[in-house]
Amino acid sequence: MLELLWIIPALPFAGSLFLALLGRKLPRRAIACLGAGSVGICALLTGLVAISFIGHTSSHSFTYTQTLWSWLDVAGFGPSVSLHLDALSLVMILVITLVSFLIHLYSTEFMIGDADYSRFFAQMNLFVGSMLTLVLADNFLLLYLGWEGVGLCSYLLIGFWYGEPQNGYAARKAFIVTRVGDTALAIALFIIFTHLGTLRIGEVMLAARDTWPAGSPIATVTALLLLAGAVGKSAQLPLQTWLPDAMAGPTPVSALIHAATMVTAGVYLIARTNVLFMLSPAALTAVAVIGAATLVVAGFSGLVQHDIKRVLAYSTISQIGYMFLALGVGAWSAAIFHFMTHAFFKALLFLGAGCVIAATDGEHDMFKMGGLRKQMPLVFWTFLIGACSLSAVPLITAGFYSKDLIIWKAYCSARGSVWLWAAAIFGSLLTSMYTFRMVLLTFFGPLRKNATKRPGWPMSLPLVVLAVLSIAGGLVDLPKNFGGGSALTKFLTRDLPSFVTAPGRAVHQGMFGVFAACVSLGGILLIELLMRSRMYEKISESPRAKALHSFWFSGWGFDRLYDLVLVSPYAMLARINRDDVIDYFYTGLSRLSRQGWRGLCATENGRVRSFVLGIALGAAIIIGLAVFL
Amino acid sequence: MNILFYMASIVAVIATLMVILEFNPVHALLYLIVSLLSLAVIFFLLGAPFAAALEVIIYAGAIMVLFVFVVMMLNLGPRSADEERSWHPARVWFGPFLLSAALLAELLFVLRGGGGAGFGEVSPEEVGIALFGPYLLATELASMLLLSGLIGAYHLGRGYGEARRHEPGPVEESTP
Amino acid sequence: MTRIVGHVLILAAVLFFLGLIGVLVRRNIVFMLLSIEIMFNAAGLAFVAAGARWAKPDGQIMFIFIVSMAAAEVSVALALVLQMHHRLKILDTDAAKSLRG
Numbered sequence: 230m231l232e233l234l235w236i237i238p239a240l241p242f243a244g245s246l247f248l249a250l251l252g253r254k255l256p257r258r259a260i261a262c263l264g265a266g267s268v269g270i271c272a273l274l275t276g277l278v279a280i281s282f283i284g285h286t287s288s289h290s291f292t293y294t295q296t297l298w299s300w301l302d303v304a305g306f307g308p309s310v311s312l313h314l315d316a317l318s319l320v321m322i323l324v325i326t327l328v329s330f331l332i333h334l335y336s337t338e339f340m341i342g343d344a345d346y347s348r349f350f351a352q353m354n355l356f357v358g359s360m361l362t363l364v365l366a367d368n369f370l371l372l373y374l375g376w377e378g379v380g381l382c383s384y385l386l387i388g389f390w391y392g393e394p395q396n397g398y399a400a401r402k403a404f405i406v407t408r409v410g411d412t413a414l415a416i417a418l419f420i421i422f423t424h425l426g427t428l429r430i431g432e433v434m435l436a437a438r439d440t441w442p443a444g445s446p447i448a449t450v451t452a453l454l455l456l457a458g459a460v461g462k463s464a465q466l467p468l469q470t471w472l473p474d475a476m477a478g479p480t481p482v483s484a485l486i487h488a489a490t491m492v493t494a495g496v497y498l499i500a501r502t503n504v505l506f507m508l509s510p511a512a513l514t515a516v517a518v519i520g521a522a523t524l525v526v527a528g529f530s531g532l533v534q535h536d537i538k539r540v541l542a543y544s545t546i547s548q549i550g551y552m553f554l555a556l557g558v559g560a561w562s563a564a565i566f567h568f569m570t571h572a573f574f575k576a577l578l579f580l581g582a583g584c585v586i587a588a589t590d591g592e593h594d595m596f597k598m599g600g601l602r603k604q605m606p607l608v609f610w611t612f613l614i615g616a617c618s619l620s621a622v623p624l625i626t627a628g629f630y631s632k633d634l635i636i637w638k639a640y641c642s643a644r645g646s647v648w649l650w651a652a653a654i655f656g657s658l659l660t661s662m663y664t665f666r667m668v669l670l671t672f673f674g675p676l677r678k679n680a681t682k683r684p685g686w687p688m689s690l691p692l693v694v695l696a697v698l699s700i701a702g703g704l705v706d707l708p709k710n711f712g713g714g715s716a717l718t719k720f721l722t723r724d725l726p727s728f729v730t731a732p733g734r735a736v737h738q739g740m741f742g743v744f745a746a747c748v749s750l751g752g753i754l755l756i757e758l759l760m761r762s763r764m765y766e767k768i769s770e771s772p773r774a775k776a777l778h779s780f781w782f783s784g785w786g787f788d789r790l791y792d793l794v795l796v797s798p799y800a801m802l803a804r805i806n807r808d809d810v811i812d813y814f815y816t817g818l819s820r821l822s823r824q825g826w827r828g829l830c831a832t833e834n835g836r837v838r839s840f841v842l843g844i845a846l847g848a849a850i851i852i853g854l855a856v857f858l
Numbered sequence: 620m621n622i623l624f625y626m627a628s629i630v631a632v633i634a635t636l637m638v639i640l641e642f643n644p645v646h647a648l649l650y651l652i653v654s655l656l657s658l659a660v661i662f663f664l665l666g667a668p669f670a671a672a673l674e675v676i677i678y679a680g681a682i683m684v685l686f687v688f689v690v691m692m693l694n695l696g697p698r699s700a701d702e703e704r705s706w707h708p709a710r711v712w713f714g715p716f717l718l719s720a721a722l723l724a725e726l727l728f729v730l731r732g733g734g735g736a737g738f739g740e741v742s743p744e745e746v747g748i749a750l751f752g753p754y755l756l757a758t759e760l761a762s763m764l765l766l767s768g769l770i771g772a773y774h775l776g777r778g779y780g781e782a783r784r785h786e787p788g789p790v791e792e793s794t795p
Numbered sequence: 180m181t182r183i184v185g186h187v188l189i190l191a192a193v194l195f196f197l198g199l200i201g202v203l204v205r206r207n208i209v210f211m212l213l214s215i216e217i218m219f220n221a222a223g224l225a226f227v228a229a230g231a232r233w234a235k236p237d238g239q240i241m242f243i244f245i246v247s248m249a250a251a252e253v254s255v256a257l258a259l260v261l262q263m264h265h266r267l268k269i270l271d272t273d274a275a276k277s278l279r280g
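Protein chains in written order, with the working numbering: chain A, 230 to 858; chain B, 620 to 795; chain C, 180 to 280.
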């Protein structure tokens with residue numbers, strides 16, 4: 230079964246190509262079948278491959294590598310197009326294909342009214358294919374191809390409705406901001422190749438472990454550059470500004486970007502290159518600090534947004550921050566676990582939000598919604614499950630298990646600290662607050678806008694499936710305390726370094742867990758109380774709160790800062806350089822020849838006598854020169 | 620003989636001057652023929668009887684007659700002379716005169732040490748031998764030139780003739 | 180007799196000078212052609228004088244070439260004059276300036 234691995238990324242690419250070439254001629258039903266079907270078969274195949282892979286558990290560190298063809302071969306540099314399957318990539322592709330399929334299925338109904346139906350599915354398929362290439366790549370060059378493909382597709386899909394100028398602006402912003410990270414990643418790859426002589430990921434890891442001493446500057450620089458790449462793609466501080474604007478795309482695109490593809494690429498990259506990060510404690514600490522800072526900052530911003538999708542965008546930034554925090558403290562498998570649960574509940578939330586937006590005729594502002602609980606019961610209940618999972622409501626939701634694991638490990642890890650733990654627990658409080666603020670505004674309170682549309686089965690089914698997964702997803706890594714066996718952690722530890730506990734801290738895990746659960750529940754209660762008692766309005770009326778509100782609302786002023794520090798000087802330089810000195814020289818040349826042309830034109834007046842005059846003058850001058858010199 | 624030369628020279632210069640100053644084309648042509656005839660005298664005096672004969676026969680006899688034909692066809696006469704006169708006030712002569720005078724001065728400066736030796740007569744026989752001897756190629760080229768001139772004149776003139784045939788001429792136009 | 184050749188050359192120069200003035204000043208194309216004939220003659224005169232100076236036929240041969248060239252030139256030029264008069268109804272070269280660049 231494992232030989233079929235190559236079909237998994239190939240199918241979405243084929244679907245994309247087919248739709249791009251023939252999409253205009255096909256009926257909508259055929260487009261939907263092709264677009265969702267290619268990813269659906271892909272998900273099915275992934276399941277089969279997974280069963281077959283897990284069947285090989287007899288050998289401890291079993292990996293499967295499939296070389297398709299040799300890409301190029303120049304002077305000892307011969308990257309091949311080959312796929313690499315191990316526990317990490319298997320978990321990734323399982324989640325990616327499953328969630329992507331559900332989103333595609335949802336899109337078949339959601340986008341039905343759009344004129345560019347086939348273009349949408351062609352680009353979505355390309356997106357999934359690129360992400361699968363990224364995850365399955367055996368060498369860094371192929372990974373980079375997928376990486377850039379993901380960036381390209383995000384640009385195309387965020388600007389899908391390119392008729393609106395601000396959508397095009399958001400697309401360009403996403404592309405350019407992530408490009409900053411991509412450049413850093415490319416430099417990191419150059420360094421790796423120059424120093425280690427190979428780009429095969431496995432060989433790089435072994436060679437790095439052998440040749441680079443722990444804490445050496447070269448390892449730190451490489452790890453930091455990789456981190457910069459990951460930060461750009463995963464929208465972490467300080468390159469997080471593109472993600473809230475990326476909401477300009479259709480809602481399924483947002484779901485795809487946030488849940489399955491794109492933003493998790495950074496998490497995957499760091500997990501994949503864990504050896505390099507283990508060699509550089511400084512870089513690993515940077516990962517943890519960035520994650521902790523991002524999750525708090527994004528949490529505050531999420532608390533004050535009006536647009537339902539922007540709340541979800543900030544919550545994604547915040548949750549990816551948790552994953553970075555987990556990576557930074559060495560809890561590799563916890564990060565991947567949270568990636569998985571996050572993919573389920575974030576896709577669910579986005580798809581639910583999409584239903585709400587579609588039902589209220591494209592209304593994004595939560596303050597203009599309300600009371601939709603009765604009108605859309607299915608959407609409400611599934612959305613509520615997603616929100617609970619995001620807020621880590623204890624015991625019943627998947628989000629609780631993954632997030633609690635991270636919070637606990639931020640404290641008890643050998644690399645952890647009380648501060649990281651405090652940030653994580655505070656972030657948890659914020660998460661519950663902004664999540665239930667969103668739920669309360671949208672589904673409770675007075676009815677402000679009637680729901681005009683009810684989702685059909687292609688939109689409802691993904692909601693239900695994802696809701697089930699958002700609850701049951703936690704079971705795969707149920708810790709010992711709850712009678713589980715931490716199956717996912719065990720499975721992933723075959724390829725990822727195992728977690729190191731700080732001596733003396735690994736006690737009172739139960740107490741910490743209860744505290745974290747209380748905090749998340751407390752956050753929900755707090756926001757409920759504030760909203761019900763009209764305290765929320767009162768607080769937001771005060772001038773100081775207003776200033777803070779607008780500060781958080783604009784994402785902590787990062788956009789303005791970048792505009793001031795980077796964009797304006799750049800634009801000014803460009804304006805100065807528009808007609809630069811060198812150009813003056815060349816325009817001067819052209820102006821000179823133009824003047825010469827004009828002068829010569831004047832002599833060409835068509836009068837025969839003038840011509841004769843010229844001849845006589847020339848003769849006089851030449852004879853004069855000959856005679857008198 | 621010297622006197623004859625100087626007389627002929629003076630006649631040539633005066634006649635030429637009259638050509639460029641005259642406003643009536645017919646008069647100018649007649650002056651030019653006088654100038655050519657006086658040049659023929661000079662040629663004869665220089666011991667070049669063949670050249671003198673050619674000057675009279677071809678230049679004065681054939682080329683100038685062509686001009687006369689054209690002037691007659693175009694019906695140029697006193698009417699155009701008035702127009703000519705209006706075109707040439709005294710001041711237009713000044714600049715060209717200065718330029719040409721400079722050129723003349725240069726030429727005279729170059730020629731100041733010229734001459735010196737005497738000269739003998741060159742008979743038409745010698746000319747003919749040289750023409751069809753060492754200059755044969757040049758002669759052939761000259762014949763080609765004349766042929767091309769013939770064809771060119773025929774081509775240009777034919778268009779004129781046909782145009783006249785097809786559309787009413789200027790004379791018929793003016794009668795009603 | 181010895182100085183005559185020099186004087187002939189001076190005469191040729193004077194005639195050439197007169198012809199040049201004529202071409203430069205006159206606007207009527209017939210007069211310009213006449214002036215050009217004068218210049219041809221002046222050149223021919225210089226050739227004949229030079230041939231006479233060395234008692235060689237070459238000067239006269241050059242004169243013959245000049246005459247043949249003048250004949251060809253005049254035939255074409257006069258055809259052009261006819262065309263110009265027919266099409267533009269003028270003989271003024273200043274007015275006929277379609278060659279303007």
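Simulated from the structure, these hints should not be mistaken for lab results.
Some hints here could point you the wrong way.
Said to hold, decoys possible - What the simulated footprint calls covered on chain C by chain B, stretch by stretch (three residues with Cβ under 8 angstroms from a Cβ of chain B suffice, anywhere in the stretch; the number is not a length):
1. 189–200
2. 213–219
3. 224–238
4. 245–257
5. 260–266
Every residue, glycine too, gets a C-beta built ideally from N, C-alpha and C.
Okay, the hints, checked on the actual structure:
no.: 1; hint: 189–200; result: holds (count 11)
no.: 2; hint: 213–219; result: holds (count 4)
no.: 3; hint: 224–238; result: holds (count 12)
no.: 4; hint: 245–257; result: holds (count 11)
no.: 5; hint: 260–266; result: holds (count 5)
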